[in-house]
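From first to last, the protein sequence lines stand for chains A and B.
In this text, residue positions in the first sequence follow the numbering used here: the first is 1, and each later residue adds one.
In this text, residue positions in the second sequence follow the numbering used here: the first is 1, and each later residue adds one.
Just to be clear, a hint being listed does not mean it is correct.
Here chain A is said to cover these stretches of chain B; the calculated rule only asks that three of the stretch's residues, wherever they fall, bring their Cβ under 8 Å from a Cβ of chain A [what the hints assert, rightly or not]:
#1 236-247
#2 295-307
#3 342-350
30 Å max Cα-Cα, derived DSBU-like pairs, lysine-lysine [stated by the list, open to error]:
#4 Lys505/A x Lys60/A
#5 Lys175/B x Lys205/A
#6 Lys60/A x Lys219/B
#7 Lys323/A x Lys281/B
#8 Lys61/B x Lys323/A
#9 Lys360/B x Lys219/B
#10 Lys453/A x Lys36/B
#11 Lys251/A x Lys32/B
#12 Lys376/B x Lys505/A
#13 Lys108/A x Lys62/A
#14 Lys175/A x Lys319/B
#15 Lys36/B x Lys251/A
#16 Lys281/B x Lys221/A
#17 Lys61/B x Lys171/B
#18 Lys175/A x Lys171/B
#19 Lys210/A x Lys175/A
#20 Lys210/A x Lys319/B
#21 Lys205/A x Lys251/A
#22 Lys62/A x Lys281/B
#23 Lys281/B x Lys153/B
#24 Lys175/B x Lys175/A
#25 Lys360/B x Lys60/A
#26 Lys475/A x Lys505/A
#27 Lys219/B x Lys505/A
#28 Lys219/B x Lys319/B
#29 Lys360/B x Lys62/A
#30 Lys219/B x Lys62/A
#31 Lys60/A x Lys281/B
#32 Lys62/A x Lys376/B
#33 Lys108/A x Lys61/B
#34 Lys221/A x Lys319/B
These aren't lab readings, by the way, just hints derived from the structure by calculation.
Glycine is no exception: its CB is placed at the ideal position from the N, C-alpha and C atoms.
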Amino acid sequence: MSMNTQGRPTGVGTVGTGASGSALIPDEPLLFEIGDTEHSGVDLPDVTFNSDRLGGFGRKTKLDLAGLTEPEAMRHYVRLSRMNHSIDSGMYPLGSCTMKHNPRLNEKMARLPGFSDIHPLQPVSTVQGALEMMNQLSHWLMTLTNTAAVALSPKAGAHGELLGMMAIKAAQEAKGEAHRTVVLVPESAHGTNPATAAFLGYTVKPVPAKDDGTVDVEAVKAALSPDVAAIMLTNPNTCGLFEPQVIEIAKAVHDAGAFFYCDGANFNAIMGVVRPGDLGIDAMHINLHKTFSTPHGGGGPGAGPVVLSEALAPFAPVPFVRKGTNGLELVEHIEDAALGRVTAFHGQMGMYVRALTYMLSHGGDGLAQAAQDAVLNANYIKARLEHIFSVPFPDYPTMHEALFDDSFLKETGVSTLDFAKALIDEGFHPMTMYFPLVVHGAMLIEPTESESKQTLDRFCDVMAELANDAIAGNKDRFTSAPTKAPRRRLDETRAARQPVLKWEKPADLPQTAE
Amino acid sequence: MRYLPHSAHERADMLGVIGAADIDALFSAVPKSALKSFDLGLPAHQPEFLVEAHMRALANKNHAAGDGPFFVGAGAYRHHVPATVDHLIQRSEWLTAYTPYQPEISQGTLQMLFEFQTQVAKIMGMDVANASLYDGSTGTAEAVLMARRLTRKNKIVLSGGLHPHYRDVVKAYLKDDPDLVCLSPSPEGQGDILQQIDGNTAAIVIQTPDFYGHLRDLKSAAEAAHAQGALLIVVVTEVVSLGLLEAPGALGADIVVAEGQSIGNALNFGGPYLGLMATRKEFIRQMPGRLCGETVDADGNRGFVLTLSTREQHIRREKATSNICTNSGLCALAFSIHMGLLGEAGFVRLARLNHFNAVKLADALEGVPGVTVLNKTFFNEMTIRTPQPAAGLVERLARRGILAGVPASRLLPDDRSVDNLIILAATELTTDADISALAAALTEELA
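Here chain B stands alone, though its shape is the one from the complex:
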């Protein structure tokens, strides 16, 4: 077996040094009834080329996004990842290191995390960011819990524009909690949350651009929340939007959570992704997840360490701010390298290009008979109403080789009012030919 270094001779020699008659002697604590008492019936080890053939056969049964016109978004976005990013993250020193518990021999990872935290804080306009969480959805649940710790109040209000999966994750984390208020989806983008804020409110959670692509007014939300001593949690599922839209921190957000996948990370059928979280300086000690901080070594040289770990499970155990241990280190590295390559100039150009293509998409969709674009505002994503149920329509378009977006009913199966809605996204990878092909196919299907 190519991954196992010992020869039979070496195994025998080692058992001799140990003084064990055979390998089973080392498993003597295992109850006899449970040790090798079965036939797994699994296939035996295989050469690399056969494993590769097996996996390729599975991969080839899928329609890759790059195979044709592609407009699927709703929380995960297909962007270009520079070749440099994927090359660098596969370097042994990044790929096969672990959490930097020994800072003297982990300065690469630590400095990168410090740079990552700085980049995230800057794009969000916040004081501090952590070293990443699992993804945007679990990050949102963590933010809600953090807001409760900070305010010592309980009521949480989720905007109807929050991604339904994010809402469901918060519901699972706060199971049967009477103080969790989930507002109904609002495909037309009307504000729905301000009247819910009262003196017992810990936080309101607003996504912008929201699930349907509408841009939400954060400033008035922040003012309304703060007037009642509540916090504003802002959720961003398309982080590229921050290149063109005002930073949530500049508008009064208290905690910002984002899905960072769009920068540096492939679609990967939903994971691994990375959660971004940033907050105000005074809230650091209630923030979940790893934090990297600057310090000096015994010679006075600048260096970096994981810090404020008294918040964490390996120190505080049942009193920790979260049970999080492993986060999304390599995805954060990919994010940081891509963001480092973009820089301000590139990030802004990328965001503009996304919006530019989305405007073209919206204009083309408006021209399809029977189709209405619901959005007055959007960044790179919008919702259309079609004269037919969206699920079947999207399926028929897929058979034509066009992945036309997400039927809202896929995420909201209990809400019949969204049956005819499709959410579509454009990115820098969307071409004029893709848009024309979609518009033509949609026109034919609806004829």
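One chain only, chain A, in its complex shape:
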């Protein structure tokens, strides 16, 4: 095949000559290789005008945007979609991501014109139902966490973390303690935690984990000092364990004048069963796209409301809803606010509607049952596989994730990555790998409550068969995997060394011989 300098086959239609496509999942050329600048799938009148209102700023350069008619577009995006694994097509046990079922009632409700076709800046008197909806969602979130306030507006979990830590910073400044410049972060934390703390100018001080995978209150006490502003702790933690000393940790943190930021990424394990407010947290973000089933969408949009303790409630950002004399009011501006605003408008309304729909469907009883089933499923996987897979932290029952390390692969020549890729050939999305960092060759499996016993059994059968095959020395099956996916392993080094981040017309590129 003739390749240009970007490694791209030259010419339309040559993509599939490597025979990677199959009858039902054909390879698909790029939009720009199918469409051109004259085709369009939208009928619009071509108006003529002679306007001086553009002030000489009119476009002179070409856009060079390819267009597709409607049938072409439909086929392009349907074909592309079939190269994706999704929750709806199979188990997606990606630890820390809570890939649970996404109910379609949520989608239907989010598309009601009374929610989807309202503008964030139309008069507040014309959106009373929207504000009431936000109030109801807030009530559920505060009740499930036993907290005093909630800031709905953050756009995703990491954005919620940022807001929560901004609130902590503002609270410390209000106390006259701006000299607190250190944030404690356990080594097992998500990468977003240290990134967030650093973003706000804090120095990150790691807290080591105990051999049993939990955080030691004594280690926290030793790390606390008058310059510590907060601790960022995930609970249940990223090893899938509930921190047994969390209440003592919270007390030590508060006694030292610091705040307790809880990463709520794993709230699915405890919703309706444990209220984080009872554990002494001051701020916690809740990923609506994890715990409350709003779709992950190929990488967002998420939503990351943050619940706040009484101590932090005065530092909540705008906007928020409150009762006024003429119905509900939206507070969009506070003079001399400590924090102000972290996004334009009011946050992820479309996600609020989906999350509230999910909560109402489950009820308080169903949410608790969902959390318990999520924990049951993870423990079931652990119980079925622990005789073959190595469990780094066997002292506690796991919560909603089962964590294994790679010591069972020792001497096999098979890496965690190889093992995960072999799982693809068996029809499963791999687990999270090499995270948390504190475990060598970690494999973090989060089944969620959505998987049936039958699916879990099949998953465990496949996992056990793969492990036995690796131990038996059948290395090739793993190092060559995947062989049944739309692509085989991709050259990530090349992608990073010679970045090709957009399509260029082959004619515009220097050609090289074969």
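The hints should help you fit chain B onto chain A, whose structure is shown.
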């Protein structure tokens, strides 16, 4: 409960395999004082039709944009979204996949992101675009931080024409920063920024069309910034304008940030939206957010992966360019499908139609006694001065079923000089009848 697959029998069997006496045994690490120690007082689970009735009752209390004449803009715009777009984004394979961490089984999402990045780079006239950010406002804050990393200088100047919410987000991100200069709003559209540029300036931030609808001169801004070693960050809140206005990249922009909602995404009361960001090739490594790149697989076939992830939090932790993890994947898909349907021909026609309707709106408003249109230039949005405070006037028009625009005072409550200003937008959905109804109602209210 319809979403939970286990029967009571199965739960019991599974506990047996685990060797746990009951479910509470699996929560043994939880302090006793905190485990199920409360009554939530929340309602129990409900059948689908009852949940639907509850949500419909809430939705019905809102006045939807499609219910009558509608001129609200100021950073979010009501455009037509083709039925194909919403159908496609609800396909399971798009809707229920996650960030493409396993590229072999995520080529659909990855190829789409590569196409999306290409579309965004092209409309902005820039070298590279990322795979989306949360929205335009947070994207602006990220761009400001990126400019500081690139120039190793600190001073940031925000034009008074920048959307006040965007300004507030930058202020929150750069809390109490002495090097952040926020210029006063300028409803008349006069340039205010060039004299602020000095040798310590990392970037100037200019929105065009600006918050009041005026078109800003990017070329001279770029020249002035570059002369001092500063960068020009261009913000676009109405991305449809790029179908008719010159690409910021062609005028010297260094980083372009846009709110992409107008293409493919509904109003949704403010979110989810999507931030677009594009820059020059040499600045890639300081760009925040996911990037998708082309490569080949083990058989030599073209494929796509997330790349340059050494910038990101899951690798670099506290040294990352941003803490961003999840972005706006599905909104980017909607954008890309809609833009793919439009193509150059459709995108240009759409932009022309928006401007055409806005000219009609401006002409009609000029004819209302007492009303002045402040804009000499605009794309699809303009600001009027009325003889009465705008907030009450807009409220009265809403009671007549006309959503007439945004009183500037809603976003600038501390600035009394904008009390009588209304910002109005027209789009391809604005009809002659809508414009006549607005003009007539406004004339009556002001009589």
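A quick look at each hint next to the structure:
no.: 1; hint: 236-247; in the structure: holds (count 6)
no.: 2; hint: 295-307; in the structure: holds (count 12)
no.: 3; hint: 342-350; in the structure: holds (count 9)
no.: 4; hint: Lys505/A x Lys60/A; in the structure: holds, 20 Å
no.: 5; hint: Lys175/B x Lys205/A; in the structure: holds, 22 Å
no.: 6; hint: Lys60/A x Lys219/B; in the structure: holds, 14 Å
no.: 7; hint: Lys323/A x Lys281/B; in the structure: violated, 50 Å
no.: 8; hint: Lys61/B x Lys323/A; in the structure: holds, 16 Å
no.: 9; hint: Lys360/B x Lys219/B; in the structure: holds, 29 Å
no.: 10; hint: Lys453/A x Lys36/B; in the structure: holds, 25 Å
no.: 11; hint: Lys251/A x Lys32/B; in the structure: holds, 17 Å
no.: 12; hint: Lys376/B x Lys505/A; in the structure: violated, 39 Å
no.: 13; hint: Lys108/A x Lys62/A; in the structure: violated, 39 Å
no.: 14; hint: Lys175/A x Lys319/B; in the structure: holds, 29 Å
no.: 15; hint: Lys36/B x Lys251/A; in the structure: holds, 21 Å
no.: 16; hint: Lys281/B x Lys221/A; in the structure: violated, 47 Å
no.: 17; hint: Lys61/B x Lys171/B; in the structure: violated, 34 Å
no.: 18; hint: Lys175/A x Lys171/B; in the structure: holds, 21 Å
no.: 19; hint: Lys210/A x Lys175/A; in the structure: violated, 33 Å
no.: 20; hint: Lys210/A x Lys319/B; in the structure: holds, 25 Å
no.: 21; hint: Lys205/A x Lys251/A; in the structure: holds, 19 Å
no.: 22; hint: Lys62/A x Lys281/B; in the structure: holds, 20 Å
no.: 23; hint: Lys281/B x Lys153/B; in the structure: holds, 20 Å
no.: 24; hint: Lys175/B x Lys175/A; in the structure: holds, 17 Å
no.: 25; hint: Lys360/B x Lys60/A; in the structure: holds, 24 Å
no.: 26; hint: Lys475/A x Lys505/A; in the structure: violated, 41 Å
no.: 27; hint: Lys219/B x Lys505/A; in the structure: holds, 28 Å
no.: 28; hint: Lys219/B x Lys319/B; in the structure: violated, 34 Å
no.: 29; hint: Lys360/B x Lys62/A; in the structure: holds, 27 Å
no.: 30; hint: Lys219/B x Lys62/A; in the structure: holds, 18 Å
no.: 31; hint: Lys60/A x Lys281/B; in the structure: holds, 22 Å
no.: 32; hint: Lys62/A x Lys376/B; in the structure: holds, 26 Å
no.: 33; hint: Lys108/A x Lys61/B; in the structure: holds, 17 Å
no.: 34; hint: Lys221/A x Lys319/B; in the structure: holds, 26 Å
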